[in-house]
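Asks: Listed below, chain by chain, are the residues.
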Amino acid sequence: MKLEFSVNGERREVDVPPNTTLLSVLRDDLDLTGARYGCGRGQCGACYVIADNRAVASCLITADQAARMEITTVEGLAHDATLHPVQQAFIDEDAMQCGYCTSGMVISAAALLGRDPNPDETSVRDALAGNLCRCGVYGRAIRAVLRVAGPS
Amino acid sequence: MWDRRDPERLEQRIRVESDGSITALSGKIEFGQGIRTAFAQIVADELDVPIERVKVVLGDTDQVPFDVGTFGSHSVAQETPLLRKAAAFARQQLIDRASKKLGVPAEKLDTQAGVVVGGGKRAPYAELLDSEPLAGTIPDGVELMPDKRRKYAGKPMPHIEARDVVTGRARFVADVRLPGMARGAMVRPPMRGAKLRSLDDSAARTMPGVIAVVRQGDVVGVVAERDEQARAGATAVVAEWHAIPVDGPTAEVPMRADAGVDEKLRGASIRLAQTYVLPPIASAPIGPSAAVADVRGYGATMYVGTHRPFGVREQVAKTLGLPEKKVRVLPQITSGTYGRNSAADAAIEAAILSKGSGRPVLLQWTREEEFAWSPSRPEAVLEISAGLDADGRIAAWHYDEHTNVHTAAGLDPQVLVVTSGRNAIPPYAGFPAKVTLHIEPTRLRTANFRSLAASENVFAIESFMDELALLAEQDPLAFRLRHIEDDRFRRVVEHVALRSGLTEPVSARRGRGIACTVYHGTYVAQVAEVEVSLSGAVRLVKVWCVVDPGQTLNPEGVRNQIEGGIQQSASWTLKEELLHRDGRVMNTGWDTYPIATFRDAPESIEVLVEGDESAPPTGVGEPGAVPTAAAIANAVYAASGARMRSVPLTRERVRKAMAG
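These protein sequence lines map, in sequence, to chains C and E.
Residues 1 to 152 (my numbering) make up the first sequence, in order.
Residues 1001 to 1660 (my numbering) make up the second sequence, in order.
Treat the hints with caution; some may be incorrect.
With the Cβ distance kept under 7 Å, some of the chain E side facing chain C (calculated, not the full set) [what the hints assert, rightly or not]:
no.: 1; residue: Ala1162
no.: 2; residue: Val1165
no.: 3; residue: Thr1167
no.: 4; residue: Ala1170
no.: 5; residue: Asp1175
no.: 6; residue: Pro1179
no.: 7; residue: Pro1285
no.: 8; residue: Ile1286
no.: 9; residue: Ser1335
no.: 10; residue: Glu1556
no.: 11; residue: Asn1560
no.: 12; residue: Gln1567
no.: 13; residue: Trp1590
no.: 14; residue: Tyr1593
no.: 15; residue: Thr1597
Worth flagging that the hints you see were computed from the coordinates, not collected in a lab.
Because the structure is a prediction, the values reported are computed rather than measured.
Using N, Cα and C, we set each Cβ at its ideal position, and we do this for glycine too.
With these hints in hand, go ahead and build the complete structure from the sequences.
Replies: Rendered as structure tokens:
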């Protein structure tokens, strides 16, 4: 079926089978591979995108649900050459190893800071609790988000 | 096989490109441990160019020198001197060429940011190529850049790929997109080793988007235009399987057999015997296995995540019946897999699907497939007995390790002692020891896992050291130090105790525990602080670590690796257990196989990198994970009086131990 999306501030059209997930549309139809496949069940956070200001698992929403939302993927966070402050902070804290889960973490953190510019450490841990990381960069990622948050 | 190498040749290592940029070549693979950055640092320093001008090509089998694989945390240790010498030799050749071209004697020439300068003249590297690439056997005595002129080595640097990672532009294996690429999905048997008895693919072939149902031997898969279509097709294939139970091999390997162990044990004034148990655990990468194969015409190009590109080339060539030189393996950025990538499963399957369908195929394993079909860390049962003499020193040590194979390398005893037997011999001195490795059968598929058996052995040895000390009414730190003869080992142990305030009082229900080891030449000591609730829930509060990996190129990279190792090991220790029956894994999702989350991360992990700069660099990818389980278990004892001899340290288990 034909659908029109709002992704990263642009209108995009796709023609996909019914029940295709947003994750599949992003990765396979729009070549936005920054959202990663991790589990297909919303349990790992690797595929998170911002949908209407909230971080959601793109593997759990269907394309036609997503067509009614404003979608921002990790590719859409930076403006031209300027990184989103969370992206810069992840670089500055070296808050990554293999980087597979990083997109999802950055999305969760950006969504958190969008609704609460000065979160405390507990809020950061709660907001990112859905993002699994196996390399073990949790401590660095927390520091990165708090660095953007500044003194609360 | 470990040192199979032709003499090092410059053209296999360093290329100066026509724009003056540098390409450095290595068969090692980056998977989050930061080697691309480390190699770029070395080469930039030695060739005297800005680091942005160095491109590091890793693992492309058409370009890089043969390499046996990236494991055992050896990459930096092995490759650093080779690349450094190659780069220094390249600089020497550039100076020689400049000397001829400029008519200035070589000894009057120097380099400066990619330009040879001297005698009032200058020649950028790019102008010295004359379409004749630098080449030649790299001599042993190449003069290296003096330390004071090295700008990058030893300096903290973020990963070179960092910007691509945070913007989502980094392309992992499953992000490779080729023209005409189709998607694959496998039809899985009910259990490992099952043989295909019959196959009915008539329904699957008519499903939307399905291009082909491919069978080669007992491997069956569906190729379709879209991922969902391939999966739907695979579900529609009706396959009957003949189940053949697979049992692992058996072996018994004496690792150390000093004289007098039994007599000294009998004559000891205090004796202690304990058994420690660790369950199998999953590599559990966040990104499940994936591969892209393009098998068209007479040849194959493979886009894979692997630790050993040349091994994949060999396996794929064999699978497809092609000569190795017709297979090109292009390693891609991959999710960290902690050893799991040593098996080329997805690559072989993707190659079969591509050959059978005549299309390039991306095969992405599902989360369930990853848990169910990956090799896992084997379980281990460690039996230790030791006796103390009248002075409270260890008089004799008896150790039996029962486990399964830790690699796919088979039962060569020399391989077994360094894989399944890794760190089974205690790092302490002054007593005779008998150490025996027993490889026992299992139906679980077990193979390469971060640090192999070291984490299991060190959990047992370091828990037992605490138990021995307490039995002899000695301080655990002092007891360890009495048995340490190596100064570097002593230093990290003493320092972590001091730094963490190991012996200082802590608040109620909290406790601190120490553990230490020497892993492949890297000295590492850790103290964990935990809080144990009345119901037995363990919270990891803080970890301190002192590590000596010899000469240190990138201290920030070392810290990141060690922290990650500790965090991952804390997850193994507190949460993880793979359940299996008849070789079939029972917990195949994050809901049934939980790992540590942001909420479980300790308040801080403090890593002090105190490398002995006079010693050669050793690995840091694995050692951080090794002592953590014992440090946590020893801390749990200090906090609650519960001695935990089996992991994971779940609330229920700790509560029982507290009550008992």
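Asks: Quick one: which hint numbers does this structure break? Sort them smallest to largest.
Replies: 6 and 14
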